[in-house]
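Novice: Each residue of the sequence shown is one higher than the last, beginning at 126 in my numbering.
It is possible that part of the hints are untrue.
Taking CB as the label site, the calculated pair distances span [stated by the list, open to error]:
1. 166 / 139: 37 to 45 Å
2. 231 / 252: 14 to 22 Å
3. 152 / 245: 17 to 25 Å
4. 220 / 185: 31 to 39 Å
5. 246 / 198: 37 to 45 Å
6. 159 / 191: 31 to 39 Å
7. 166 / 132: 50 to 58 Å
8. 244 / 139: 32 to 40 Å
9. 183 / 245: 28 to 36 Å
10. 195 / 138: 52 to 60 Å
11. 204 / 138: 35 to 43 Å
12. 182 / 204: 23 to 31 Å
13. 219 / 178: 37 to 45 Å
Read the hints as simulated data drawn from the structure, not as lab findings.
All values reported here derive from a predicted model rather than from experimental measurement.
Backbone N, C-alpha and C define an ideal beta-carbon position, used for all residues, glycine too.
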Amino acid sequence: MALIIAMVFMLLLTMLGLSAMQNTTLQERMAGNQRDHGMAFQAAEAGLREAERLIEIGIIEPEEGESLQGKYAFSSVANLSRDPEYTIESTGVAGYYNADGCERIYHAYLITSIGYGGSANSQVELESRYIRSSNDDCE
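Sequences and hints are given; from them, build the entire structure.
Specialist: So this is what it looks like as structure tokens:
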């Protein structure tokens with residue numbers, strides 16, 4: 126009788142151990158996926174900031190309706206599977222400002238950036254709308 130009770134007790138302990146292992150494995154996978162997603166998000170954010178910087182300093186000025194694509198060399202620093210990619214699309218004139226003989230034209234841009242995590246399966250897409258003045262000499 127004691128043998129049967131010991132066997133049942135060992136079976137229960139085995140089932141409890143297997144359940145704990147499965148739970149731990151699942152938590153490790155979720156943590157890894159969350160880390161991968163965070164890396165992809167940061168890469169997409171870096172791509173957005175790079176595209177905004179290029180617009181702000183005037184290196185890239187697509188015509189209305191035109192879009193330009195580029196990559197930001199960020200993966201070598203962060204061990205990403207691919208470099209973040211961005212697209213800058215000019216959506217036209219957002220508005221005008223004319224006061225005291227100073228005229229400004231505001232151009233609007235739609236920036237889309239895709240960032241990749243440590244694996245190519247993890248990617249995040251972010252969009253930003255950016256408005257830039259064509260005449261920064263006005264005060």
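Novice: Could you tell me which of the hints above the structure violates, numbers in ascending order?
Specialist: 4, 5 and 13
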